[in-house]
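Peer 1: Go by the hints and put chain B onto chain A.
Which chain is which? The protein sequence lines are A and B, in order.
Its first residue numbered 1, the first sequence is counted upward by one per residue in my numbering.
Its first residue numbered 534, the second sequence is counted upward by one per residue in my numbering.
No lab work stands behind these hints: they were computed from the structure.
Using N, Cα and C, we set each Cβ at its ideal position, and we do this for glycine too.
Mixed in with the good hints there might be a few duds.
As the list claims (entries may be wrong) - If the Cβ cut is set under 8 Å, some of the chain A residues that face chain B in the computed set are:
hint	residue
1	L222
2	G226
3	N230
4	L273
5	D277
6	L281
7	S282
8	T285
9	F292
10	E448
11	I449
12	F466
13	G469
Said to hold, decoys possible - Using 27 Å as the maximum straight-line C-alpha spacing, the simulated DSS-like pairs for lysine-lysine come out as follows:
hint	chain 1	residue 1	chain 2	residue 2
14	A	K274	B	K562
15	A	K246	A	K72
16	A	K438	B	K559
17	A	K489	B	K562
18	A	K477	A	K246
Said to hold, decoys possible - Beta-carbon label-pair distances, calculated as ranges:
hint	chain 1	residue 1	chain 2	residue 2	range
19	B	I544	A	I472	22 to 32 Å
20	B	I540	A	A384	46 to 56 Å
21	A	N125	B	I544	37 to 47 Å
22	A	G152	B	I540	45 to 55 Å
23	A	K380	B	G537	30 to 40 Å
Spelled out, the chains give:
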Amino acid sequence: MDQPPKESWNSRFGVILAVMGSAVGLGNFLRFPGQAAQNGGGLFMIPYLVAFLIVGIPLAWSEWALGRYGGKQGYNSAPGIFGHVLGGRHGAYFGMLGTVMPVLIYTYYVILEALCLYFAWSFLNGAIPELGGNVEQVSGYVVTSLGMGEHGAMFTGGQTTMLGMIVVCFFINFTLIYRGLSQGIEKFCAFAMPLLVLCAFIVLFRVLTLPPNPAHPDQSLLNGLGFLWNPIKGNSSIWETLAQPKVWVAATGQIFFSLSLGFGLILTYASYLKRDDDVCLSSLTSAAGNGFCEVILGGMIAIPAAFIFLGPAFLSNPDNIGTFSLGFMTLPNVFNQMPAGAFFGFLFFFLLFLAAITSSLSMLQPSIALLEEGLGLNRKKSVATLGLITFIGTGFIAWYSKGLTALDTVDFWMANFFIFIFATFQTLIFGWVIGRDKGYRELTSGAEIRVPHWIMFMIRYVSPTFLIGIFILWCRKELGGRIEALAVKPGEGLPVELLSLGFIIAVMIFFSFVIARANQRWAAEPTETEETE
Amino acid sequence: MTTGGWIVMSIAVGGMTSLLIWCVYKVVKTPGATEHLHSPADIDPHDED
Numbered sequence: 001m002d003q004p005p006k007e008s009w010n011s012r013f014g015v016i017l018a019v020m021g022s023a024v025g026l027g028n029f030l031r032f033p034g035q036a037a038q039n040g041g042g043l044f045m046i047p048y049l050v051a052f053l054i055v056g057i058p059l060a061w062s063e064w065a066l067g068r069y070g071g072k073q074g075y076n077s078a079p080g081i082f083g084h085v086l087g088g089r090h091g092a093y094f095g096m097l098g099t100v101m102p103v104l105i106y107t108y109y110v111i112l113e114a115l116c117l118y119f120a121w122s123f124l125n126g127a128i129p130e131l132g133g134n135v136e137q138v139s140g141y142v143v144t145s146l147g148m149g150e151h152g153a154m155f156t157g158g159q160t161t162m163l164g165m166i167v168v169c170f171f172i173n174f175t176l177i178y179r180g181l182s183q184g185i186e187k188f189c190a191f192a193m194p195l196l197v198l199c200a201f202i203v204l205f206r207v208l209t210l211p212p213n214p215a216h217p218d219q220s221l222l223n224g225l226g227f228l229w230n231p232i233k234g235n236s237s238i239w240e241t242l243a244q245p246k247v248w249v250a251a252t253g254q255i256f257f258s259l260s261l262g263f264g265l266i267l268t269y270a271s272y273l274k275r276d277d278d279v280c281l282s283s284l285t286s287a288a289g290n291g292f293c294e295v296i297l298g299g300m301i302a303i304p305a306a307f308i309f310l311g312p313a314f315l316s317n318p319d320n321i322g323t324f325s326l327g328f329m330t331l332p333n334v335f336n337q338m339p340a341g342a343f344f345g346f347l348f349f350f351l352l353f354l355a356a357i358t359s360s361l362s363m364l365q366p367s368i369a370l371l372e373e374g375l376g377l378n379r380k381k382s383v384a385t386l387g388l389i390t391f392i393g394t395g396f397i398a399w400y401s402k403g404l405t406a407l408d409t410v411d412f413w414m415a416n417f418f419i420f421i422f423a424t425f426q427t428l429i430f431g432w433v434i435g436r437d438k439g440y441r442e443l444t445s446g447a448e449i450r451v452p453h454w455i456m457f458m459i460r461y462v463s464p465t466f467l468i469g470i471f472i473l474w475c476r477k478e479l480g481g482r483i484e485a486l487a488v489k490p491g492e493g494l495p496v497e498l499l500s501l502g503f504i505i506a507v508m509i510f511f512s513f514v515i516a517r518a519n520q521r522w523a524a525e526p527t528e529t530e531e532t533e
Numbered sequence: 534m535t536t537g538g539w540i541v542m543s544i545a546v547g548g549m550t551s552l553l554i555w556c557v558y559k560v561v562k563t564p565g566a567t568e569h570l571h572s573p574a575d576i577d578p579h580d581e582d
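Here chain A stands alone, though its shape is the one from the complex:
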């Protein structure tokens, strides 16, 4: 009998790197440390690990399987897939968030991508290294770069380099996707991502060998690790911390964000898979690689380093550890105090920039798929339409930069609020509409690992209950403050929070028109299905 040619170790290693590399990005190194520090430090690991097991893996599997199922029916966008599975014209609208969320997340993600590039450039030209270990100056560098002091500061405050970096990132993203070169950069990043991880290990080694702060001997590595990992802090008991719904929502949101789950991205990509392509081992390897980089590299670098250089008082102030600022304010201090720090700083932020490029490119694909399906546009016209929408969105977020209010507001509604709603819809649709038996068959088709039957029990009962439960508790506790922030105060004009929500709604209205048009096209020209229902 003919044996298939044996695959080389190189090609297998390449698969592992490609699968792992796709999961590594800003979420691991920049978002995770901030979320952990803001939500109980070591205790954050408990909801994080619970969410990883109860929601992360089941949702990853159901999203990959649902996407591949939709692709077999001829649909590549979330509205198309939801419309087909739910039936009727209204079904497609349930999938709208699967195109709106990636677009809106892209609008602020590209700014952080540009900041990575700006920092890489700043390490190269010596602007950051010359700040030395001066924490205030490094923090000030971030504040000035992003124009966090005043609205419009990035445009009027002489920050033309940072603004230029945003334009460069936009140009790179849309040129690559316009010309269909995404495959090329992905191959390139299959080499770049391992280099990023290697670089992160070198930085981790430096952090783990940092001496205590001479001015404050208590700010030592062990105490820094304790700040991250100790389950009990100050006067708060374990239960007081774990009883806060925001901690659970932050942990679950982090899982969603870093695994690219719950916002339609995987749904679209999986729709291009072949019937017998594996989705189980691929997504599990991706999740494991992501978790490894996040917990070990992302968590153990930034927080202990911040503790040593900036102290516990700095970390205890929520204003200092916003979603992304920790990584940008802390890591430069680490690089500035290590041998060849300028080189490693440049390398680290440049590789992070490349990782961000792969993520931002993939965020554009779900809405391109809908514009193609809905309006019948070719790829280039879809890209141009999307370019206009995202350019306006990024300009809006870059303008309203004081305290990163617009960025924080869009991140809140997309990566905390709507992501839960969409992830819950997705889980319920896979578990209950596609159903237990058919869902299991879909999931295990082509699977390279044995998947236990009880995973469908998890997908049908445990994951949705967990998601709905903490979401309701969180809404009761946290949503009030966000709603209050929308109120117009006398003599102050419209608050940025309200303007940001208005922009979100405007994008939703645009895509609901696209879906209405898509419904007409799907009704007139049903897609070819591979499978008899």
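Peer 2: Relative to chain A, chain B alone:
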């Protein structure tokens, strides 16, 4: 760092590392891994024009 901190760190780091090692082992042992395993990084939307 307290004993509780060491326990939490060991579980988190050990758990993630073990899961990753198991996944890498399964990928290495999978025949046709290069054909059947995918990530968004290597999926072609095949809609270019």
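Peer 1: Check the structure against each numbered hint from earlier and tell me which ones fail, lowest number first.
Peer 2: 12, 13, 15, 17, 23
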